[in-house]
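J.: Sequence:
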Amino acid sequence: MSPKARKPEAQSRRDEILKVAGDLFSEHGVQAVTTRQIAQVVGISQPSIYAHFPSIQAIQDEVGLRSFALLEYAIAASVDEKPEAQLRKAIDGYLDFGMTHPQAYRIAFMLEHAAISKNDGHKDMGAFSLADHPGPRAFGHLVRIVALNRPDLSMQAVQTRSQCLWAALHGLVALILARPHFPWADRKTLLKEQSRLAFNMVFD
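For reference, each letter of the sequence shown is one residue, going 4 to 207 in my numbering.
One should not assume that every hint holds.
[As the list claims (entries may be wrong)] For lysine-lysine, the following DSSO-like pairs were computed, each having C-alpha atoms within a straight-line distance of at most 30 Å: (1) K195 to K85; (2) K22 to K85; (3) K85 to K191; (4) K92 to K191; (5) K191 to K22; (6) K195 to K92.
[Said to hold, decoys possible] What follows is a set of in silico ranges between Cβ atoms, one per label pair, in the way DEER data are often shown: (7) L180 to E12: 30 to 36 Å; (8) K85 to P186: 35 to 41 Å; (9) E196 to S157: 43 to 49 Å; (10) V44 to E84: 29 to 35 Å; (11) H31 to E84: 36 to 42 Å; (12) D18 to P186: 37 to 43 Å; (13) S48 to L180: 30 to 36 Å; (14) P50 to D83: 46 to 52 Å; (15) L156 to E12: 48 to 54 Å.
Since the hints were derived computationally from the structure, they do not count as laboratory data.
Virtual Cβ for every residue (Gly too), placed ideally from N, Cα, C.
Could you build the full structure based on these sequences and the hints that come with them?
T.: Written as structure tokens, this is what we have:
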């Protein structure tokens, strides 16, 4: 059943389940959380969850999808502007997303996903492997923006530089979230400097 077809109360319950699941994932890790735990916090029976989601995997995928959707919007919001403006806003949007949505960022990037099997290697990355997923789309927007700013580079070089840019942005955000008590510089100054360095690395 599509979200539009769901009754308001059913959609509200579904959203509540996802909110609780996200909180529990952030606190305990994705693989440690069960539908029973989610149901207890929501205040419903465990079987009631299956009226909204067929499995814990479906809940994990939906929570991750919503988190990545926020990031996709942050990166792609300046699509109609000039290339350099798009790049600046994509970089600042990424950093701002991580700082203002720490829980969503942790779920998207910093929690081991149950869909990734240790025995499968790189073969199964869960919902993130789907082409129509906001995670790959977010990176695709970044690649497009880098390509607009560096038409002199081959597509392979654009991909490589985009991956380095993504890694640089993620590195600072993840460190700040993982080590909040480190004696960081003034937050605004730190993010501004990282934004400047990230922008310049595209043109280096």
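J.: Evaluate the given range 37 to 43 Å for the C-beta pair formed by D18 and P186.
T.: This hint holds: roughly 39 Å between Cβ atoms.
J.: Falls inside 29 to 35 Å, the C-beta gap from V44 to E84?
T.: Since the Cβ atoms of V44 and E84 sit about 42 Å apart, the hinted range of 29 to 35 Å is violated.
J.: Has the hinted range 43 to 49 Å been met by the Cβ atoms of E196 and S157?
T.: For E196 and S157 the Cβ distance comes to about 30 Å; the hint is violated.
J.: Taking 30 Å as the top limit, are the C-alpha atoms of K191 and K22 close enough?
T.: 29 Å, holds
J.: Range first: 46 to 52 Å. Now tell me if the beta carbons of P50 and D83 are that far apart.
T.: 48 Å, holds
J.: Please work out if K195 and K92 have their alpha carbons no farther apart than 30 Å.
T.: 12 Å, holds
J.: Evaluate the given range 48 to 54 Å for the C-beta pair formed by L156 and E12.
T.: 52 Å, holds
J.: Regarding the pair K195 and K85, is the alpha-carbon distance no greater than 30 Å?
T.: 21 Å, holds
J.: Within 30 to 36 Å: is that where the Cβ-Cβ distance between S48 and L180 falls?
T.: Holds, since S48 and L180 (Cβ atoms, about 34 Å apart) stay within the stated range.
J.: Is 36 to 42 Å right for how far apart the beta carbons of H31 and E84 are?
T.: 41 Å, holds
J.: Hint says 30 to 36 Å; check whether the CB-CB distance for L180 and E12 agrees.
T.: Given about 35 Å between the Cβ atoms, the range holds.
J.: Could you check the hint for me, namely that K85 and P186 are 35 to 41 Å apart, CB to CB?
T.: This hint holds: roughly 38 Å between Cβ atoms.
Checked against the numbered hints given earlier, the structure breaks hints 2, 9, 10 and satisfies all the rest.
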